[in-house]
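Colleague: Between the sequences and the hints, there should be enough to build the whole structure, so can you do that?
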Amino acid sequence: MSENGQVIEGNNCNNRLIGTDGNDVISGNGGHDLLKGGEGDDIIDGGSGNDVLIGGEGDDTMYGQSGCDFLKGGIGNDTLFGGTGHDVLLGGSGNDILDGGSGNDFLAGGSGNDLLKGGYGNDFYWFNPDGGQDTISGESGGWRDTIAFKRFTTDLTIDLQAGVVKEVSGSGSAGFSGNTTTAGTQGFSKITNLANGGFVLTWNGAGAGDNDDIHAQRFDANGNKVGTEFIVNTATAGGQGGAVTTGLTDGGFVITWTNDDGSFDGIFGQRFDANGNKVGGEFAVNTTTTGDQDQSAVAALADGGFVVTFTSPGTSPINQSEVFLQRFDANGNKVGSEVQVNTTEILNQSDAQVVGLDDGGYVVVYSSNGIDGGNFGVAGQRFDASGAKVGGEFVVNTFTTGNQQNAEVASLSNGGFVVSWDSDGQDGDGNGVYAQIYDANGDTVGSEFQVNTNTTGNQSQATVTGLQNGGFVMMWQDDSGAGGDGTDVFAQIFDASGNKVGSEFQVNGFNSDFQGNASVTTLESGGFVVSWDSEGQDGDGMGVFGKRYNADGTEAGTIENTIVTIEGTNKIEAAIGGKGNDLIIGTEENNDLYGKDGDDVIQAGDGHDWIVGGRGNDLLEGGNGNDYYIYGRSNFGQDVVFDASGSNDYLSVKYAGLKVSDATFAAIDTNNDGNVDALNIAFTNGSEITIEAYFDNS
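Numbering (our numbering), first residue to last: 6 to 703.
Honestly, I wouldn't trust all of these hints.
Said to hold, decoys possible - Per label pair, the in silico range of CB-to-CB distance:
{"no.": "1", "residue 1": "Gly243", "residue 2": "Ala393", "range": "33 to 39 Å"}
{"no.": "2", "residue 1": "Gly397", "residue 2": "Val450", "range": "15 to 21 Å"}
{"no.": "3", "residue 1": "Asn516", "residue 2": "Ser391", "range": "47 to 53 Å"}
{"no.": "4", "residue 1": "Gly337", "residue 2": "Ala445", "range": "27 to 33 Å"}
{"no.": "5", "residue 1": "Ala226", "residue 2": "Ser268", "range": "41 to 47 Å"}
{"no.": "6", "residue 1": "Thr349", "residue 2": "Gly544", "range": "43 to 49 Å"}
{"no.": "7", "residue 1": "Thr406", "residue 2": "Gly189", "range": "50 to 56 Å"}
{"no.": "8", "residue 1": "Asp545", "residue 2": "Gln345", "range": "53 to 59 Å"}
Claimed, not checked - The calculated DMTMM-like cross-link candidates involving lysine to aspartate or glutamate, where the alpha carbons are at most 20 Å apart (straight line), are:
{"no.": "9", "residue 1": "Lys505", "residue 2": "Glu560"}
{"no.": "10", "residue 1": "Lys505", "residue 2": "Asp432"}
{"no.": "11", "residue 1": "Lys339", "residue 2": "Glu287"}
{"no.": "12", "residue 1": "Lys283", "residue 2": "Asp444"}
{"no.": "13", "residue 1": "Lys394", "residue 2": "Glu343"}
{"no.": "14", "residue 1": "Lys505", "residue 2": "Asp444"}
{"no.": "15", "residue 1": "Lys41", "residue 2": "Glu62"}
{"no.": "16", "residue 1": "Lys339", "residue 2": "Glu398"}
{"no.": "17", "residue 1": "Lys394", "residue 2": "Asp432"}
{"no.": "18", "residue 1": "Lys283", "residue 2": "Glu44"}
{"no.": "19", "residue 1": "Lys339", "residue 2": "Asp377"}
{"no.": "20", "residue 1": "Lys339", "residue 2": "Asp308"}
{"no.": "21", "residue 1": "Lys283", "residue 2": "Glu234"}
{"no.": "22", "residue 1": "Lys283", "residue 2": "Glu343"}
{"no.": "23", "residue 1": "Lys339", "residue 2": "Asp429"}
These are calculated hints, taken from the structure and not from any lab test. Just so you know, these numbers come straight off a predicted model, no measurement behind them. The beta-carbon is built from N, C-alpha and C at its ideal position, and this holds for glycine as well.
Modeller: Structure, rendered in C-alpha cells:
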C-alpha cells in the first residue's frame, strides 16, 4: 500500500473491491460490484451493472454509470454521479454534490450544505432534520419530481411557487431518536455534554456477541448526529450493561460499564478523543475482583482526569456492600488505589453517583441502609482535589420515614451542588422527588424541598443537571398516567435560589406504554438536553429518544439552520410535509401535496391536484383545476376543504371497514348569515370533513 493509495481494477464478474487508507482509484467495470473506498479522497467508478459504491472518509468522487446503482458518500465533501438507471444517492456528512442523471432517482444530501440535481426522470428529494443549507438545481426535463421532509417535527413552509422551502418557526417537538439500530431493546440511556457544545448518548443494545453491547452516538451543538452509532466495548462475551458517560476537559469523553471480569461482574471503561476515536483499549476500573463490582458512575475532574465510583461486596456478614472509587489522570492512568467512600459499615451502601466540583474536588452521594435511623437514606462524602476526604460522611435527607434512595447529584455554577432523591410516602401518595442544595463549602442552603407538583402515583428515578445561569433542572418518571398512557417523563426548572421557574412539564410526546429512565445534561448554549427510553416508538421494543431545550424550558429545535432552495428552473410538482403544522403552496402544474401529521394548510394553486391532508385538522384549498381530495385511514382529524373555483373536484374517502352508514351528512351555515353554505361529513370514528362553499347561495 502506497501513501497515495492504489489503482484497483475489476473485471466483468461481480467484484468486491476495497480500497486503502490512501487516495484510491477503483473501477468495477462489468458485473454487479461492491466498491468501498475507505479513507482518503477516492475515485470510484461502478461501470455497467447494478453497483454499490461506498466512499467512507475523505472527499470522494463516485460514478454509478449504467444500471440501478447505490452510492453513499459518507464523511467528507463528496461528489456522486448516478448516471443512467434508477439510482439511490446518499451524501452523508459534509457539503456534497449529488447528480442523479437520467432515471427515477432518490437523492438525500444528509448533513451539510448540499447541491442536489435530479436530472431527467421522476426524482425524489429526501430531507432529514440534519441542518445545512441545501439547493435543488438543474432541469427536470418536464418530469414529476417530489420533495419530502421526514422526521421534521417543527413547522415548515413549503412554497413551490417561490422556490424556497424553509423552517419558519421553532414550535413543535425538538425531539430526536438516539438509536439507529431498532431491532430488539435499546435502553438505559445516559447522556453527557461535550466541550465543543455537543453531547454524546450511550445505551444498552443488542450485541454481536452474547446478550447486550454498549452503544453510543455523538451529536453536534445543533442536535445533529455526528457519524453513526458505534459499539463502545471491545470484549463481547457475556452481557455488557449499566453504561454511564462523562465529557472530559480535552473535548473527549469516557464511558464505563459492567461486564464479567473473571470473578462475576467488574467495571470497565473506554476513553474517546474529541473526534470520537478510541484512545487506547478498554480498561478495568476495579482492582478488587472478589464478588460483583457494579453500579458504576463517572465524573470529569478539573485537572482533565476523571473519577469512577462503584459498588463492591462488604467485608463482614453485617456489611453486605460498600461504595468505592478510583481516580484517573488526564492520560487515563490510575491515581493511587481504589478508595472506600462510605464510613458507615452496616448492611448496604450502594447506588453511588459522583460529580466534579469547581475547586477540583468531587462529591459522592449514595444509598445507605440505616444511616438516617430508618431504612434507606441518602449519604454523601466530599473529596478535595488531591482525593482526600473533606469532613465526614453526611446525611442528605431530613425526612426519614420509609426509604430515601436513588440519589443523583449535579454541580452548580457557584461552586456548590444539588442532590435529588426518591422519598417513600413523603408527598402523600407513593414515591415523590425531593432535593437539597449545598453551597461551595458543603453547607446546606435552606431545607430539603419537594420537586414534583403532581403527587398521584409514583414520581421517581430523578436526574438533575446544573444550568449555565446558576439554576438547575430535574427530570423524573411519573407512573400516574398524567401524561397519557403509562409512565411518562416530566421536568421542572429551578433558579439559582431553588425557586421553581414555571410549572412542571411533560418531556415525551409519544405517550404510549413506558417512557422513563431519563438522563439530562447541560449544554454550552445555556440550555439542556434530555434522553429517555421509549417503548414502542422506534417500531420494535424499547428505543432511545431525546429532546433539546433552551434555558427557559422552551424546545430548542434541531433544524434551525435547515434551508432548502429550489432554483427557478427546476419543477417540483409533489411535496410531502413533516410532523409539524405545515404550509404547503403548490404551483400552476398538477401537484401531489401531502400534509402528513400536524394541522396543515395546503394551497394547491392551479392545475389538477392530488391533495392529502394527513393526520390533524387541515385546511385544504384546491384552487382552479379538477382536484382530488383524499381522505384515508390515516387522515384522522377535522378537515376543512375550501374550493370555490367551480371546477369538477372529487372527494375520495378510503377507510378500511368504513361504510356509508357510518357517515352523517349535514348542510351547515359557517357564516352565521342564515344560509347553508357548507357540507359537513361526520364519521363514527370522530373524524369530520367540512366542504366550504358547497352550496351556491348567489
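Colleague: None of the hints should be skipped; say for each whether it holds.
Modeller: Each hint tested on the structure:
{"no.": "1", "hint": "Gly243 to Ala393: 33 to 39 Å", "result": "36 Å, holds"}
{"no.": "2", "hint": "Gly397 to Val450: 15 to 21 Å", "result": "20 Å, holds"}
{"no.": "3", "hint": "Asn516 to Ser391: 47 to 53 Å", "result": "49 Å, holds"}
{"no.": "4", "hint": "Gly337 to Ala445: 27 to 33 Å", "result": "29 Å, holds"}
{"no.": "5", "hint": "Ala226 to Ser268: 41 to 47 Å", "result": "43 Å, holds"}
{"no.": "6", "hint": "Thr349 to Gly544: 43 to 49 Å", "result": "47 Å, holds"}
{"no.": "7", "hint": "Thr406 to Gly189: 50 to 56 Å", "result": "41 Å, violated"}
{"no.": "8", "hint": "Asp545 to Gln345: 53 to 59 Å", "result": "43 Å, violated"}
{"no.": "9", "hint": "Lys505 to Glu560", "result": "18 Å, holds"}
{"no.": "10", "hint": "Lys505 to Asp432", "result": "17 Å, holds"}
{"no.": "11", "hint": "Lys339 to Glu287", "result": "14 Å, holds"}
{"no.": "12", "hint": "Lys283 to Asp444", "result": "37 Å, violated"}
{"no.": "13", "hint": "Lys394 to Glu343", "result": "13 Å, holds"}
{"no.": "14", "hint": "Lys505 to Asp444", "result": "18 Å, holds"}
{"no.": "15", "hint": "Lys41 to Glu62", "result": "10 Å, holds"}
{"no.": "16", "hint": "Lys339 to Glu398", "result": "24 Å, violated"}
{"no.": "17", "hint": "Lys394 to Asp432", "result": "34 Å, violated"}
{"no.": "18", "hint": "Lys283 to Glu44", "result": "17 Å, holds"}
{"no.": "19", "hint": "Lys339 to Asp377", "result": "33 Å, violated"}
{"no.": "20", "hint": "Lys339 to Asp308", "result": "14 Å, holds"}
{"no.": "21", "hint": "Lys283 to Glu234", "result": "14 Å, holds"}
{"no.": "22", "hint": "Lys283 to Glu343", "result": "24 Å, violated"}
{"no.": "23", "hint": "Lys339 to Asp429", "result": "38 Å, violated"}
Checked against the numbered hints listed earlier, the structure breaks hints 7, 8, 12, 16, 17, 19, 22 and 23; every other hint is satisfied.
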